[in-house]
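**Student:** Here's the letter readout for the chains.
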Amino acid sequence: MKVIDASGMHYKDLNAMIKQLIKGNAAEILVKNVQGQRYIGDGIQGNSKIIIEGTPGNDMAAYMDGATIVVHGNAQDGVANTMNDGKVVIHGNTGDILGYAMRGGEVYIKGDVGYRVGIHMKEYLDKKPVIVIGGKAGAFLGEYMAGGIIILLGLNVDDTQKIVGNYCGTGMHGGVIYSRIPIDSYKLGKEVKQTQAEDGDMEIIGLYVKKFSDYFGFDYRSIMDSQFVKIYPYNHRPYGNLYAY
Amino acid sequence: MAISLLTPEFIIERNDARCIRCQVCVRQCANLAHIYDQEEDRVLADDSKCVNCHRCVTLCPTRAITIRKNPLEFKENASWTATAIREIYKQAETGGILLTGMGNDKPYPIYWDRMLINASQVTNPSIDPLREPMELKTFLGRKPEMLKVENGKLKEKLPPQLELEVPIMFSAMSFGSISFNACQALAMAASELGIMYNTGEGGLHKNLRKYGKNTIVQVASGRFGVDPEYLNAGAAIEIKIGQGAKPGIGGHLPGEKVTAQISQTRMIPLGSDAISPAPHHDIYSIEDLRQLIFSLKEATDYRKPVAVKIAAVHNVAAICSGIARAGADIIVIDGFRGGTGAAPLRIRDNVGIPIEFALAAVDTRLRQEGIRNQVSLVCAGGIRNSSDVIKAIALGADAVYIGQAALIAMGCHMCQKCYTGKCNWGIATQDPNLVKRLNPEIAARRLVNLIKAWAHEMKEMLGGMGINAIESLRGNRFMLRGIGLTSREL
Numbered sequence: 001m002k003v004i005d006a007s008g009m010h011y012k013d014l015n016a017m018i019k020q021l022i023k024g025n026a027a028e029i030l031v032k033n034v035q036g037q038r039y040i041g042d043g044i045q046g047n048s049k050i051i052i053e054g055t056p057g058n059d060m061a062a063y064m065d066g067a068t069i070v071v072h073g074n075a076q077d078g079v080a081n082t083m084n085d086g087k088v089v090i091h092g093n094t095g096d097i098l099g100y101a102m103r104g105g106e107v108y109i110k111g112d113v114g115y116r117v118g119i120h121m122k123e124y125l126d127k128k129p130v131i132v133i134g135g136k137a138g139a140f141l142g143e144y145m146a147g148g149i150i151i152l153l154g155l156n157v158d159d160t161q162k163i164v165g166n167y168c169g170t171g172m173h174g175g176v177i178y179s180r181i182p183i184d185s186y187k188l189g190k191e192v193k194q195t196q197a198e199d200g201d202m203e204i205i206g207l208y209v210k211k212f213s214d215y216f217g218f219d220y221r222s223i224m225d226s227q228f229v230k231i232y233p234y235n236h237r238p239y240g241n242l243y244a245y
Numbered sequence: 246m247a248i249s250l251l252t253p254e255f256i257i258e259r260n261d262a263r264c265i266r267c268q269v270c271v272r273q274c275a276n277l278a279h280i281y282d283q284e285e286d287r288v289l290a291d292d293s294k295c296v297n298c299h300r301c302v303t304l305c306p307t308r309a310i311t312i313r314k315n316p317l318e319f320k321e322n323a324s325w326t327a328t329a330i331r332e333i334y335k336q337a338e339t340g341g342i343l344l345t346g347m348g349n350d351k352p353y354p355i356y357w358d359r360m361l362i363n364a365s366q367v368t369n370p371s372i373d374p375l376r377e378p379m380e381l382k383t384f385l386g387r388k389p390e391m392l393k394v395e396n397g398k399l400k401e402k403l404p405p406q407l408e409l410e411v412p413i414m415f416s417a418m419s420f421g422s423i424s425f426n427a428c429q430a431l432a433m434a435a436s437e438l439g440i441m442y443n444t445g446e447g448g449l450h451k452n453l454r455k456y457g458k459n460t461i462v463q464v465a466s467g468r469f470g471v472d473p474e475y476l477n478a479g480a481a482i483e484i485k486i487g488q489g490a491k492p493g494i495g496g497h498l499p500g501e502k503v504t505a506q507i508s509q510t511r512m513i514p515l516g517s518d519a520i521s522p523a524p525h526h527d528i529y530s531i532e533d534l535r536q537l538i539f540s541l542k543e544a545t546d547y548r549k550p551v552a553v554k555i556a557a558v559h560n561v562a563a564i565c566s567g568i569a570r571a572g573a574d575i576i577v578i579d580g581f582r583g584g585t586g587a588a589p590l591r592i593r594d595n596v597g598i599p600i601e602f603a604l605a606a607v608d609t610r611l612r613q614e615g616i617r618n619q620v621s622l623v624c625a626g627g628i629r630n631s632s633d634v635i636k637a638i639a640l641g642a643d644a645v646y647i648g649q650a651a652l653i654a655m656g657c658h659m660c661q662k663c664y665t666g667k668c669n670w671g672i673a674t675q676d677p678n679l680v681k682r683l684n685p686e687i688a689a690r691r692l693v694n695l696i697k698a699w700a701h702e703m704k705e706m707l708g709g710m711g712i713n714a715i716e717s718l719r720g721n722r723f724m725l726r727g728i729g730l731t732s733r734e735l
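Going down the list, the sequences are from chains A and B. With this note's numbering, the residue at position 79 of the first sequence is 79, and numbering never jumps. If you count the second sequence from 1, you need to add 245 to reach this note's numbering.
Hints may contain errors.
Claimed, not checked - Sample of chain B residues facing chain A (criterion: CB under 8 Å; computed from the structure):
hint: 1; residue: GLU258
hint: 2; residue: ASN260
hint: 3; residue: LEU343
hint: 4; residue: ILE494
hint: 5; residue: HIS497
hint: 6; residue: PRO514
hint: 7; residue: PRO522
Just so you know, these hints were derived from the structure itself, not from any lab. We treat Cβ as the ideally placed atom computed from N, Cα and C, and that holds for glycine.
All chains should be built: construct the whole structure from the sequences, respecting the hints.
**Tutor:** Structure, rendered in structure tokens:
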């Protein structure tokens with residue numbers, strides 16, 4: 001395992017160093033004392049694993065295409081922005097716009113996430129992005145969502161009011177949001193409906209909740225004991241009748 | 246369904262003595278305006294379907310067809326013009342937002358036409374570009390404060406630059422808004438001319454990757470087709486914030502246009518709406534823009550210049566100062582006359598400011614702040630000919646983008662129906678039968694001819710001014726005189 005001490009380093013130098021190690025086929029890179037350095041793992045490809053101790057800055061794993069990043073701490077805004085493939089595991093909370101326009105890969109967050117998470121996520125052929133949120137989410141979760149899966153567990157709340165902010169799924173025209181707790185309908189966008197998750201859905205949820213439980217040490221069975229709900233769009237053409245031709 | 250109150254906009258006139266019943270017009274019209282009546286052996290017309298694109302007129306072997314504006318007039322009324330009444334009928338019948346294509350066609354002042362260019366007489370000799378070298382080459386990108394030379398070599402590495410043989414580029418037009426053949430023609434022409442074309446927010450088709458060093462890849466709010474390979478495939482990256490034809494709003498590629506190829510290039514499911522939200526949801530401030538600029542630079546190892554394109558709006562000078570300080574290498578300003586494949590009519594016709602004012606204001610502001618060297622300025626939106634280019638450069642642009650002029654060179658007839666997807670010229674359509682009408686080689690040749698002709702004209706104008714490099718014209722407003730402008734406009 002390669003070790004980098006990031007304390008006092010400029011992000012440009014730190015990221016160049018990480019990329020250099022990836023080029024040299026380093027299987028595991030431990031980055032210690034990360035103090036808000038931005039853009040870690042941006043655009044990286046391959047199978048390396050980066051372990052971060054500290055708090056990475058904005059836009060971590062943006063455009064990432066492969067590789068795994070594990071953060072022992074909180075992350076900031078823009079994690080997995082336009083990510084194409086790979087895995088991000090965060091042992092803490094994250095900020096806003098997590099997974100914006102994400103097209104592939106998986107993101108697991110132990111705690112809470114901020115606003116506008118999963119906006120404009122999309123899927124294409126075998127690419128189907130997944131975000132699993134252990135805690136609660138802010139407003140605009142899954143706005144404009146065009147594909148992929150968001151699983152909202154809300155393990156630290158037991159209240160339909162608190163699990164997610166307003167405007168959840170507004171403008172959504174693809175993909176699905178699963179929630180462990182039903183969401184008050186006034187919080188949902190008018191483009192989506194909420195139904196109970198069926199057996200097929202529970203299989204999908206189970207697959208990712210299993211990994212989530214393994215990463216963060218939660219009890220898989222007790223999570224899966226809940227009656228999940230499913231939020232999905234009425235159709236794929238929300239604005240089909242908007243125009244005069 | 247009740248009867249439509251809309252009367253035909255155009256009338257198709259057919260000279261029956263000339264018509265040989267070959268039915269070329271019937272086969273060529275995607276709008277089905279021509280109908281062959283077998284019993285009568287006559288070609289008939291449904292005027293209401295005609296968009297006046299001249300496809301039938303051009304291809305009729307006996308020149309039997311003429312299209313005229315329908316002379317039918319409403320009672321004269323300065324306020325309620327025929328256009329105003331027709332628009333209300335259309336909306337009353339559909340309940341929809343009015344759509345349109347291409348740039349603003351309203352008679353707002355065109356300030357290019359109110360500026361004249363200087364020439365040398367006696368005191369400063371003019372130059373003959375046919376005999377003497379004339380430099381049009383332009384580099385776009387951040388320029389250092391000073392150059393340090395050591396042993397005849399540059400001591401510090403220059404920031405990445407785009408090298409253009411002519412300061413004209415083809416502006417962003419996505420695969421989706423225009424056909425694959427049209428994209429290919431632009432790419433081929435750019436590559437032959439040593440200039441750039443721009444992918445728009447449509448991703449980059451795998452067959453066009455080979456034109457990478459003449460490609461600017463665009464990153465817009467929908468992030469369609471954006472992955473590390475895409476970012477690294479072009480010579481530069483352009484962040485699209487806004488577009489002159491529709492400042493402040495996003496875009497929708499309707500699901501019916503998301504064909505197999507489009508779905509592959511944009512990396513979205515077949516037949517689903519491709520929605521580009523109005524803002525980038527990771528940019529709510531200049532600081533956020535800086536973050537996107539640098540995340541793109543990080544993802545491409547600082548090897549590509551990053552451009553930011555905005556629509557010309559109020560406060561454009563202050564906004565551009567912010568963009569320059571956010572780390573952009575190139576700023577693109579798109580004026581209100583800029584083109585589009587589809588925009589709400591009200592937005593296209595009423596939002597934005599003239600590019601001429603925006604450009605002058607931005608150049609002045611950046612100079613005053615001493616940061617003009619940090620960015621290159623590209624002017625877009627309604628550039629029609631080489632004298633517009635010269636005037637834009639004299640007002641402070643480093644280069645221009647042309648979109649509509651390039652489409653017209655390929656065969657566009659400005660019928661403004663791009664949004665219907667039924668372009669009879671094979672440009673703004675995804676219908677394979679229509680697309681194959683545009684031969685990429687021929688279209689590329691026409692584009693190359695156009696830019697070469699403009700380049701010759703620009704050299705002549707420069708020579709006339711006694712200038713032998715485009716560099717010396719940049720921001721040189723002494724070379725322009727305003728005609729019929731108020732002192733404020735001047």
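**Student:** Run the structure past the numbered hints and jot down the numbers of the failing ones, going up.
**Tutor:** Going through the list in order, the structure violates hints 1, 2, 4 and respects the others.
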